[in-house]
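Asker: Sequence:
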Amino acid sequence: MKKNIFPFFVLFSLFLFVSCNDYESAAIGYDDVEEDSVVYIEEPVLDASWQLAPIMNIGQNNDKIFLYRDELYNALFSRTLGWNGGDVVASASLSGGRLLWLVRDSYFGVVDATQRARLSANTVRNGFLLQTSEHGTVSHPAAEDIKELNALVQTNDPAAEGYYEGQNIVEAAATRNYLVPAVAAEINGEVQVLFGNYRSSNSRRESTYLANYTVTPEGKLVEESFVPDFISNMIGYDDCVWRDEDGHNYVYCTFLLSGVSGVLVGRTATHDFGSDWEYCVLNTDGELVWTSTAPTVSSGITADDVAMRSNMLSNNGACQHPQVLKKGSYYYLLGQSYQNGQDVLIWRSKTPFGPFSEMKTLCVIPSRLEKIGPQTYNSLTRVTLHNALSREGELVLSTTQTAPATADNFTYPGSADYVRPYFYRIYNWESLWD
Numbered sequence: 436m437k438k439n440i441f442p443f444f445v446l447f448s449l450f451l452f453v454s455c456n457d458y459e460s461a462a463i464g465y466d467d468v469e470e471d472s473v474v475y476i477e478e479p480v481l482d483a484s485w486q487l488a489p490i491m492n493i494g495q496n497n498d499k500i501f502l503y504r505d506e507l508y509n510a511l512f513s514r515t516l517g518w519n520g521g522d523v524v525a526s527a528s529l530s531g532g533r534l535l536w537l538v539r540d541s542y543f544g545v546v547d548a549t550q551r552a553r554l555s556a557n558t559v560r561n562g563f564l565l566q567t568s569e570h571g572t573v574s575h576p577a578a579e580d581i582k583e584l585n586a587l588v589q590t591n592d593p594a595a596e597g598y599y600e601g602q603n604i605v606e607a608a609a610t611r612n613y614l615v616p617a618v619a620a621e622i623n624g625e626v627q628v629l630f631g632n633y634r635s636s637n638s639r640r641e642s643t644y645l646a647n648y649t650v651t652p653e654g655k656l657v658e659e660s661f662v663p664d665f666i667s668n669m670i671g672y673d674d675c676v677w678r679d680e681d682g683h684n685y686v687y688c689t690f691l692l693s694g695v696s697g698v699l700v701g702r703t704a705t706h707d708f709g710s711d712w713e714y715c716v717l718n719t720d721g722e723l724v725w726t727s728t729a730p731t732v733s734s735g736i737t738a739d740d741v742a743m744r745s746n747m748l749s750n751n752g753a754c755q756h757p758q759v760l761k762k763g764s765y766y767y768l769l770g771q772s773y774q775n776g777q778d779v780l781i782w783r784s785k786t787p788f789g790p791f792s793e794m795k796t797l798c799v800i801p802s803r804l805e806k807i808g809p810q811t812y813n814s815l816t817r818v819t820l821h822n823a824l825s826r827e828g829e830l831v832l833s834t835t836q837t838a839p840a841t842a843d844n845f846t847y848p849g850s851a852d853y854v855r856p857y858f859y860r861i862y863n864w865e866s867l868w869d
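Just so you know, we're using our numbering here: the sequence shown kicks off at 436 and counts up by one.
A hint or two may mislead.
Calculated lysine-lysine pairs in the DSSO-like style (CA-CA distance at most 30 Å, straight line) [to be verified]: (1) K499 / K785; (2) K499 / K762; (3) K499 / K761; (4) K806 / K499; (5) K785 / K795; (6) K655 / K582; (7) K795 / K499; (8) K806 / K761; (9) K785 / K762; (10) K762 / K795.
Read the hints as simulated data drawn from the structure, not as lab findings.
Model, not experiment: these values are computed from the prediction.
Start from the sequences, fold in the hints, and give me the full structure.
Answerer: Here it is in C-alpha cells:
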C-alpha cells in the first residue's frame, strides 16, 4: 500500500511545482504591463511669494489638475476705502504694465479693516479700477498700485455724507436706463470699452455703447469719444473679447431665454471695436457663415431658435459668461455651468469661432469662502478668466459670490467679503485631454 502512495505523491508534488512556476511567470508579466501604464503627475513648483493655497480635492476635480486660492490677489482686492466690492467682469492689459479692471454693481464707501464690515456704502452701476506697476508688478502686485477711476463724492470729512462714496463713470443717454461695462481693449494708445445698455424697469438689454478713453501716465481717465447705441441689438456680444492674430476681435456672449444658454460669437473687421461687425451663424442648410446682420428675434424665428441655431458649442452645449484663450494650436472656451453653477466647464476648437467640442469639467468652485463671519454664500454669480494674470500658462479665474441676504452685505463682520472678487489658479489644466 505504501509503495503505491509514494509515486502518486511525487507526481502530485511535481504538478504543483510546475503549476506554481507557470502562475508566477504570468504574474510577473502582468506586473510589468501595469508598471509601464502608470502616469505620474508632478505637483507644480511654486514660488512662496505667490501665496497660493492648495484646495483639497475630495472628488470634485479631475485628479490631473491642481487648484489653488490666490491669497496675494485676494488681499489686493480686500479694500477699505472707496471701491470695496463689485462684480468684476473683465481685466484688460494696458501699456506700461498696467491693467484696467471693469466692474459692475460696485460698492463704494468705508470698510472696517479688522472686522471686514461695510460701515457705509453706495452702489454704482459701472466702475473702473486701474492697476499700475509703480510699486509692484502684475505677478507681484502692491496694494498702493490699485485705485478706482470713478469720481468720489468727498474724501475730506469722515463724518459728512458721501465720504469715499463713488459716482458712475458714464450715464445712459436715457434716464430710464443704466450702463454696465463689458469688455475693454487698448488700440492706438486709447482704451475702448463696450457698455451694455439696460432698461431699469426690467433689466432688459436694449443696445451696446462704445466709449474711447485715454488713461494718462498719472492715472487719470479722459473720455475721448462716446457713442450711444453703437449696436442696436438686444443680444450683447460682450461677455469676453479675444484679440486674434488674424486681425479680428472675436467677441462672445450667451443668449438666454426660456432656459437656453447658447454661445454666440461676432467679430470686428480689425482690432478696432469701431470697425465693421459681422456675426457667425449657422444657416438653414447647416453651413457656418458670417453675416453683417446680427441674429434677432424679429426675423420670424423664436429667441430659442436664434440661440440654438447659432450656438458655437457642440451638441447644443450651454454655459454662462464664456471666456476664451489660445494655447498651442487650440482655442479654449470656458464658462460657468448653467444656472450660476459651481462647475467650470471647458471646450476646445481649432478656430476662434468653433464649433467648440470635447467638453470637460475644468474644476468646481468651493462652496465656502475663506472669510470672517459666515462662510456660505447665496449664489455664484460670475466666473471670469484673466489671461493677463497668468505667470506660467496656468488659468487664473475670479469669482463673485452674493451674500445669503441683502442685509448681510453691510454692518456684520465679514460683510465686505461678499460681492467681491476671489481668485483661483489652475495648473496642469491641458492634461484634461491627455
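Asker: When you check the alpha-carbon spacing of K499 and K761, does it fall within 30 Å?
Answerer: Status holds; Cα separation ~20 Å.
Asker: Going straight from one Cα to the other, do K655 and K582 come out at no more than 30 Å?
Answerer: Answer holds: K655 to K582 is near 11 Å, not above 30 Å.
Asker: Is K762 within 30 Å of K795, Cα to Cα?
Answerer: holds (16 Å)
Asker: Starting from K499, check that the Cα of K762 is at most 30 Å away, please.
Answerer: holds (18 Å)
Asker: With the threshold set at 30 Å, check whether the alpha-carbon distance from K785 to K762 stays at or below it.
Answerer: This hinted pair holds, its Cα atoms lying about 11 Å apart.
Asker: Between K795 and K499, does the CA-CA distance stay at or below 30 Å?
Answerer: holds (12 Å)
Asker: Taking only the CA atoms, is the gap from K785 to K795 under or equal to 30 Å?
Answerer: holds (16 Å)
Asker: Would you mind confirming whether the straight-line C-alpha gap from K806 to K761 stays at or under 30 Å?
Answerer: violated (34 Å)
Asker: Would the pair K499 and K785 pass a check requiring their Cα atoms to be no farther apart than 30 Å?
Answerer: holds (23 Å)
Asker: Given the proposed pairing of K806 with K499, does the C-alpha separation stay at or below 30 Å?
Answerer: With Cα atoms ~28 Å apart, K806 and K499 stay inside 30 Å; holds.
Taken one by one, the earlier hints fail for this structure only at number 8.
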